[in-house]
Amino acid sequence: MREGTFRNLSGCAISGIFSKSGKRFSGQKIIDSIAVMHERSNGLGGGFAGYGIYPEYKDYYAFHVFYDDSAAKKDCEDFLDSHFDIINLSKIPTRKIPEITDEPLIWRYFVSPLPTKLADSQLDEREFVVRCVIRINTVIDGAYVFSSGKNMGVFKAVGFPEDVGRFYRLDEYEGYCFTAHGRYPTNTPGWWGGAHPFSLLDYSVVHNGEISSYDANRRAMEMYGYKCTLLTDTEVITYIIDYLHRTKGLTFKEISHVLAAPFWTTIESKPREEREELEFLRHTFASQLLTGPFSIIVGFEGGMMALNDRLKLRSMVAGEKDDMVYVASEEAAIRIIQEDLDRVWSPKGGEAVIVTLKEGQI
Amino acid sequence: MAINYIYPDYEIARNQDRCINCRVCERQCSNGAHEYIEDLNKMVSYDEKCVNCHRCVALCPTRALKIVKSGHTFKENANWPGKIINEIYKQAESGGVLLSSMGNPESFPVYFDKMLINASQVTNPSIDPLREPMETKVFLGPKPQKIERDEKGRIKKVLPPFLTLSMPVMFSAMSYGSISYNAHESLARAAEEVGIYYNTGEGGLHEDFYKYGKNTIVQVASGRFGVHPDYLAAAAAIEIKMGQGAKPGIGGHLPGTKVGPDVSRTRMIPEGSDAISPAPHHDIYSIEDLRQLVYSLKEATNYQKPVIVKIAAVHNVAAIASGIARSGADIIAIDGFRGGTGAAPTRIRDNVGIPIELALACVDKRLRDEGIRDNVSIVVGGGIRSSADVVKAIALGADCVYVATAALMALGCHLCRSCHTGKCNWGIATQVPELAKRLNPNIGYKRLVNLMNAWKHEIEEMMGGMGINSIETLKGNRLMLRGVGLNEKELEILGIKHAGE
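Here the protein sequences come in this chain order: S and W.
Under numbering that gives the first Met the number 0, the first residue of the first sequence is numbered 0, with each subsequent residue one higher.
Under numbering that gives the first Met the number 0, the first residue of the second sequence is numbered 0, with each subsequent residue one higher.
Next up, chain S with everything else stripped away, as it sits in the complex (with noise of 0.2 Å):
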């Protein structure tokens, strides 16, 4: 069965790690992370997302595209070669190893809207993007866009999530951010697209949980152009931040009481000036709360963001030392990678950890 098909319900593992200063480290940390939580995941999907990778083409969407054979790579080339300009093009590099078998066609590529194209559309780029990789995903049988963002790509397939790293290379990689995730589904994906992050544009989600109030966030996002084909929480997790910070232009922290909105006895025990931020937000985007249990780690251009369901219902950890902040499903998956921390703590339900980029870097 392939995702999309039905419903998949999964527990999981996830991690992540950013360095505020900006500094370059290996994708090799997140994998010996994510690792250490092997019993959370049942080797049914792993899958990385990293930022700052591509220094060189940073100007540049950089497609990573799964195809189930040559004749949806050509359909897929063909439409790309339509509305981009291709700077580059190329097989992701990989290593074969046993525990990682039945690969699609795996490609990159780095691209820029065809200016021509652009102005006709009368969008702006990045909605111009965001259309292009729908469609691709809806229309083109047997291709998907799994990541299109720029300096950023997200790497997954169907495994154990310490061997798609090993798969994909991942330690030639360096960033200033990377994030994992190990998947527990319920039912027997065949097929790597389901595996997560899932991504659109530089937004990436890793997801632990199952949110009881998909259907009402589905149908909402899907009246906005959307379309959840995946049929997982992450899609339309990352959907909903898609929405609200590139179209409506929230902060993080306000997408943040959007996503885990404070409860209405919270909100009225808070004064004047935020309370009244808070009953907007939760009115304005009362169809965009999420209920149910979840930790994500969302990732965007030159920042991370942490959050728990608001009974916190799923474990996260967070950890800090120097300019590196870490957070992960377990404290030993930090531990492994950095064992003197200078705080650890629980990040309460609903309370968001998030970290920027400091000032010009990148």
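Since the hints were derived computationally from the structure, they do not count as laboratory data.
Quantities reported herein were computed from a predicted structural model and do not represent experimental measurements.
You can take every hint at face value.
Simulated pairs of lysine-lysine, BS3-like, Cα-Cα distance not exceeding 25 Å:
#	chain 1	residue 1	chain 2	residue 2
1	S	K247	W	K364
2	W	K156	S	K247
3	S	K269	W	K155
4	S	K320	S	K357
5	S	K252	S	K357
Let chain S serve as the given structure and place chain W on it in line with the hints.
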């Protein structure tokens, strides 16, 4: 002429061994179904006068009374049931339109009973409402379309007018006139205590009830009875009644016998005159006219109050709702064909309109397809009987529900469907002073509060079971529903899967 004789459907069964001739039943029955025969020292009953309202049964101190089906029957005929034969006799006699009250009692499908609710297990914990916060607070009104910020980058908290409810249930429109003063007082006080709203219906707002204005929705209907600036100003919201589920396509008629001094003053019509609401609003012959009325009412109230447009669920309800959502309305109320009424032509009540579940599903979908669902809230009524119906309606896409029949039952209504006679023994659908005083508003409002609290607890339990702790994430969450015994087309319209899928 003996051909007029219609054998009663129900008989009053009196246990003579228990009867103590106390004559309570005789005093309680406004229909004269009981009489004490002095010569015999015995109570007798007249079945043909009985409307089966259970007033005598409930008050008989020795439990000597019950009402039973008469068992009298015509020769069985699948095409000509006794009900239809009797109706023909009645019409042949009177030459008139048959009248009925309350909602459509016929055996059309009840879709609420063919949908089942989900619960969490293993992959997602259920939430215990006794231990964790469970939020049922609802706002009704449009969502802001744009986020604007001040010079310091703070969001400008400008919201269009809206209603705030502690739970997604309101008491729907019942006019003063069709129901009694005490019934209105009970509804108003209960709405205030629960933190919800009641609706005046088209009969105006009695001067005593202006103090409940912040929990009152005032109605502007085709007869414009009782509409004046203070009436509009007193309310929390204004509802334009375009249609009613019990009688789509026709107006209303309050007989002059119900128009006493108080009702006359409140409706602003002469005492004893029939109050006839025309079928259409004669200033609304098309959608652009409705827009003008919406904005006239907004102008009259300084754009401070949300405007609700209430329509009956009919075949093209989705297109109508879509037009309304673009015409300045803040809330659309849809009334299903099971909705009650104080009086309606039987043929209309039983044959016009569509089920609210289907109307709701298709309106919610249409507004989403057109990207205008955020412009309006949807309130549905006409067939909501329990907290489970509320949960299912919200999951289908409603923001809130209207209840009226259930509220009247809390006040004592036994659904005898005889409101149009004006002789309600429970003091609800009557203006006869000695009957109306039977409803004690001090008790009535508490029973309404009890009912709402009970439903709220049940809604919270069901939400918690689904792992949902805030009602807004139940709204339109159709994955939480599964159909049983529904065909493909029905499932498609409801937008739900079948159980087992």
